[in-house]
Structure formats: C-alpha cells, structure tokens
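Engineer: Quick note on numbering: UniProt numbering labels position 364 of the sequence shown as 364, and the sequence is numbered without any gaps.
Calculated directly from the structure, the hints in this document are not laboratory data.
Computed from a predicted structure; not experimentally measured.
Where is the CB? At the ideal position from N, CA and C, for every residue including glycine.
Don't take each hint at face value.
With a straight-line cut-off of 30 Å between C-alpha atoms, the simulated DSSO-like cross-links for lysine-lysine are [as the list claims (entries may be wrong)]:
#: 1; residue 1: Lys-261; residue 2: Lys-115
#: 2; residue 1: Lys-244; residue 2: Lys-198
#: 3; residue 1: Lys-260; residue 2: Lys-198
#: 4; residue 1: Lys-297; residue 2: Lys-438
#: 5; residue 1: Lys-456; residue 2: Lys-435
#: 6; residue 1: Lys-57; residue 2: Lys-115
#: 7; residue 1: Lys-456; residue 2: Lys-433
#: 8; residue 1: Lys-314; residue 2: Lys-297
#: 9; residue 1: Lys-435; residue 2: Lys-269
#: 10; residue 1: Lys-185; residue 2: Lys-198
#: 11; residue 1: Lys-244; residue 2: Lys-260
#: 12; residue 1: Lys-325; residue 2: Lys-406
#: 13; residue 1: Lys-261; residue 2: Lys-198
#: 14; residue 1: Lys-244; residue 2: Lys-185
#: 15; residue 1: Lys-352; residue 2: Lys-325
#: 16; residue 1: Lys-352; residue 2: Lys-435
#: 17; residue 1: Lys-115; residue 2: Lys-131
#: 18; residue 1: Lys-352; residue 2: Lys-438
#: 19; residue 1: Lys-261; residue 2: Lys-297
#: 20; residue 1: Lys-435; residue 2: Lys-260
#: 21; residue 1: Lys-131; residue 2: Lys-57
#: 22; residue 1: Lys-185; residue 2: Lys-260
#: 23; residue 1: Lys-406; residue 2: Lys-456
#: 24; residue 1: Lys-433; residue 2: Lys-269
#: 25; residue 1: Lys-325; residue 2: Lys-314
#: 26; residue 1: Lys-352; residue 2: Lys-433
#: 27; residue 1: Lys-261; residue 2: Lys-185
Pairwise CB distance ranges, derived in the manner of DEER restraints [what the hints assert, rightly or not]:
#: 28; residue 1: Glu-424; residue 2: Glu-239; range: 33 to 39 Å
#: 29; residue 1: Asn-21; residue 2: Gln-143; range: 39 to 45 Å
#: 30; residue 1: Thr-439; residue 2: Lys-131; range: 55 to 61 Å
#: 31; residue 1: Pro-201; residue 2: Lys-433; range: 35 to 41 Å
#: 32; residue 1: Ala-272; residue 2: Thr-136; range: 58 to 64 Å
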Amino acid sequence: MIVSYTSYGETSPLFYQIVANSQTGVIVFEAIRDDAGEFLDFRFVFINRVGAAILGKTPEQLTGHPYLAHFVEAESISYWNVYRQVLETGQDLHLPEIACYTDGINAWFDLRVSKYGNALVLTYNDITAFKRSQLTFEAQALQLRTTLDASISSIFYMTAIRNEQGQIVDFLMVMSNQAVMQSTKRTPDQVEGQPLLKVFPGNVENGFFALYVRVTETGQPERSTRYYRDDVGLEGWFEVSAVKQGDGVVVTFMNITEQKKIESELQQKNEALERSNQSLQSFAYIASHDLQEPLRKLQAFSDILTNDYQTDLKPEALDILQRMKIATRRMATLVHDLLAFSRITTQPRQEKSVSLSNVISGVIGDLDLIIQETSATIDVETLPVITGDELELGQLFQNLLSNALKFRRPTIPPVIAITCLVIEAHELPESVKTKLRKTRYCQISVSDNGIGFEPKNADRIFEMFQRLHPRSKFEGTGIGLAICQKVAENHGGAIIATSEPDQGASFHVYLPLNPVALAEF
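Based on the provided sequences and hints, a complete structural model is requested.
Structural biologist: Below, the structure written as structure tokens:
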C-alpha cells in the first residue's frame, strides 16, 4: 500500500510561485511505505526548476516518481541515510558541504533537510564552483606552505597595522615557514597572528622596522645586513630582504652570524698574510739590493786573481778560483732575478699604450748575439697595441724567448714562432676562464721546436725556483717563468704552457684588449 502525504496543489498560489521560482533548489518528498508501514522509497511530490536542473532533470521528469527510479545508486550514499535519519527522528539537519558522485551527478551541495508529517522538505544550493575554488586554494596554500618550509631561508609575510591617521605602527605576522621557527627558537603560536614588535622587539632599534615601513609605503624592495639583539634571547647578524605584497611585506632573512665570524677571521688572516708578504717582499728587495755590492767585489777580486796572479797559482787553486767565479756568477744572476720579481710585485706600474710589436723587436735586439750563435729563426706576426707597463712586458717576452733559445735541441737550430689571435672570453682555456673578467683577449703564443717537457709539469714550471733540468745541463734560477706569470696577472691576464718531450713547447699569454686597441689591430 502507498501512503500519500498530501496534494501539493492545496498550498497557496503565492507560496507556490515563490518556491517554484526560487534560486535555491527545493524538493518535497513523501515517504513510500509497505502495508506494514516499513519504509521503501521516497516519491517526488514537488521539485522546482532550479532544483531539478541541479540534478540534471526537469520537474516533469521527477514529480510523482519514486526517487530510486531515477537515482538507483542513492541507497549506497551517505545522504540517503541522512534522509532516513530525519524521517525517523524528526530532527532537522544542515550539511553545509556534502558531495554527490552518483547517478551522473558530480557536485557539492549546501543541504538542509526538515521533516513535515510523512514528508521531507529539502532545500539545497549547488556550491560546486565555490568548493572547487576552495579546494584549489587549499591545494595552492599547501603547496606554498610546503615550498616555504623546504626553503633554508627564513620567510614570513606580514600586513601593516595602521593608526587612525593611516600611519604604520606595527605589522601583523600572517604566515611564516619552519626556518623562521628554527632560526628564532620560537613556535608558530608565538609568531603567526602576533604583532611584529611583540615577536621581534629589537626591530625598531636596529632599523629593520623602518625598512619594512619604507618598503610597504614606497613599493621599492630593500636589502640590508644588520646586527639584531632583543630581550627574548635572539642575537646575531641577519641578512634581510623585503618585498611589498599588498599592504604589507614578504620578508626573507638568514642568520649569517657564523658567516660573519668566518669572514672576520679570514679578513684578519688575509691582512696578516698581506703584512707578511709585504715584509718578505721588502726584505727580498733590500737583501738582494745589498747583496749586489759584495757580489761585484767578489767578481772583481776573482778577475784580478785570474788575470794578474794566474802564473803564481797552483792548478788546484785555479780550479777553486774558477768554481768560485761560476758560483758568484750564479748568485749574481739569482739576485738580479729576485730583484726583478720583487720590483714587479711591489713597485707601481707605469701603464700606457704599448706596442707589443715594438716590445718584441726590442727583445730580439737584446738577444741578437745568442740568436746569431744558435742560428735561430724567429717569425713574428703583427701584434696589437695594449695598455700596460712596457718594462714588465719586455721582461715577460725576454724570458720566454730566452727559454726558447736555451732549451733547444743540440743538433737542430731553434725555430721560434710568435703568433697572435683575438679571442672572446668564452673561448679561453678552462684553466684560466674563471680567473679572467674581460670580454676580449689577445692570445700571444711563443712556440719553439726545442726539447719540450712532460705535460704534467705544465703548472709546476711557473712556480718560484722550480727547475726541470739540472744546472749542469741548463743554467738558470727558476724565477723567469714566475716573473712571466706575475707580469701576465698584473695586466689582468694569464699564461699557460703546452708541450710534449722532444716536440717543442708553446707558451700562450692572454692579455685583455680594449675596444680602441681591437679596432686598430
């Protein structure tokens, strides 16, 4: 037996029109029971057009029909139990957010259910758009929170607190990441939702508060490093950047106290090292300079003994005298080279426009005698004009050419090529690329056909007093290439060497080119 609740047409026409045209979905169900009074289903007594449209139907399709005839999956869904509960208890229910994913419906509803006799009155609004926006916002907020918490930098957002005159008197801490808690030893409850000057009272004294106000009022980002201390126990150096966001700022900061401590210690060590280097350089210069006079006397006395008293000396004495002259000559060469290195390290450079072609011509002229003795051939390409110290550049190329002539193969006359390339910074060898900062360089290569050296020694040869061969085979102090490297560095450049045994050697000098020199080259 079907028990009918009432005829909906008995309600007043005015009320019917109001409900029928409401923008809220309205349904009236009556309960369908069997002969024993057991509940079987609901029948649509009334549904307005908005309510039917939300369900994807029309009022004509639903009115008078059992609920389960159209929504067969309803019994397995939670809101069906809500209907039964209200029907049995008579207690109204409000479900502000209930999802429905059955019978082709995919939506969220704000649902109210009331009992009236043997019927239920449902009013509901489709809040799907709102709910999806809310879920999207929550997902984005979670993603933002996760991203912020993953940052090693402390980040927080705060909005301005203004007085009646519109002046900023404080800021409200709205959001902060985990790094804020870790670096300040505070909990989220002590930070979020609290005034800035309560959480970090020292911000006024050290000027951070004024910085935040400026950023909020002007919109111009600012960065500052300052010392912070407050009565709550937070103390140290902090690097802070602030960016305007709405009527407030996003602040990023890092505690750099340890970094500052390391920088201070490093600066002190560098200053001590610089003082030590200056003392050593001064000592080397003075000592070398003072050694020259006694060395000259030793050379002079040994020459007198050799020239004037040779017949009076025994062969053993002459041998000792000859050894002394060789040792004195070596010492004089060492002192000369030490003085040269000391000068390029300590003395101010006289920079001007220098023609490298003229420098090389001068060096070849100075080495004319040994060039003739060795039957050497030197080919020189056109070289550019650069800004530099002519004396230092002369030392550089004289040392390179002297080495090329010295370390020759015994049976083959030296052949030396001096070439030049203009290269961009990105074309520099990897070993020097990180050290040089200009845009264009001239690569001047001095290549020979001499005895060469093992590639593993390509860096070692530029160290002070480093020798690859015994003095019995090749004379020298081991300072010449160190001078070359220092001159290149003094001019904002670098020098590298490439070689193979018995395949000759190439020394590549990189010197910066200014636009004028490049245009004229």
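Engineer: Each hint should be assessed against the structure and marked as holding or not.
Structural biologist: Here is what the structure says about each hint:
| no. | hint | in the structure |
| --- | --- | --- |
| 1 | Lys-261 x Lys-115 | 75 Å, violated |
| 2 | Lys-244 x Lys-198 | 21 Å, holds |
| 3 | Lys-260 x Lys-198 | 27 Å, holds |
| 4 | Lys-297 x Lys-438 | 49 Å, violated |
| 5 | Lys-456 x Lys-435 | 21 Å, holds |
| 6 | Lys-57 x Lys-115 | 24 Å, holds |
| 7 | Lys-456 x Lys-433 | 20 Å, holds |
| 8 | Lys-314 x Lys-297 | 23 Å, holds |
| 9 | Lys-435 x Lys-269 | 22 Å, holds |
| 10 | Lys-185 x Lys-198 | 15 Å, holds |
| 11 | Lys-244 x Lys-260 | 28 Å, holds |
| 12 | Lys-325 x Lys-406 | 21 Å, holds |
| 13 | Lys-261 x Lys-198 | 29 Å, holds |
| 14 | Lys-244 x Lys-185 | 26 Å, holds |
| 15 | Lys-352 x Lys-325 | 41 Å, violated |
| 16 | Lys-352 x Lys-435 | 23 Å, holds |
| 17 | Lys-115 x Lys-131 | 27 Å, holds |
| 18 | Lys-352 x Lys-438 | 18 Å, holds |
| 19 | Lys-261 x Lys-297 | 54 Å, violated |
| 20 | Lys-435 x Lys-260 | 25 Å, holds |
| 21 | Lys-131 x Lys-57 | 22 Å, holds |
| 22 | Lys-185 x Lys-260 | 20 Å, holds |
| 23 | Lys-406 x Lys-456 | 21 Å, holds |
| 24 | Lys-433 x Lys-269 | 27 Å, holds |
| 25 | Lys-325 x Lys-314 | 17 Å, holds |
| 26 | Lys-352 x Lys-433 | 26 Å, holds |
| 27 | Lys-261 x Lys-185 | 21 Å, holds |
| 28 | Glu-424 x Glu-239: 33 to 39 Å | 35 Å, holds |
| 29 | Asn-21 x Gln-143: 39 to 45 Å | 42 Å, holds |
| 30 | Thr-439 x Lys-131: 55 to 61 Å | 58 Å, holds |
| 31 | Pro-201 x Lys-433: 35 to 41 Å | 49 Å, violated |
| 32 | Ala-272 x Thr-136: 58 to 64 Å | 60 Å, holds |
In this structure, the hints that do not hold are numbers 1, 4, 15, 19 and 31, in rising order.
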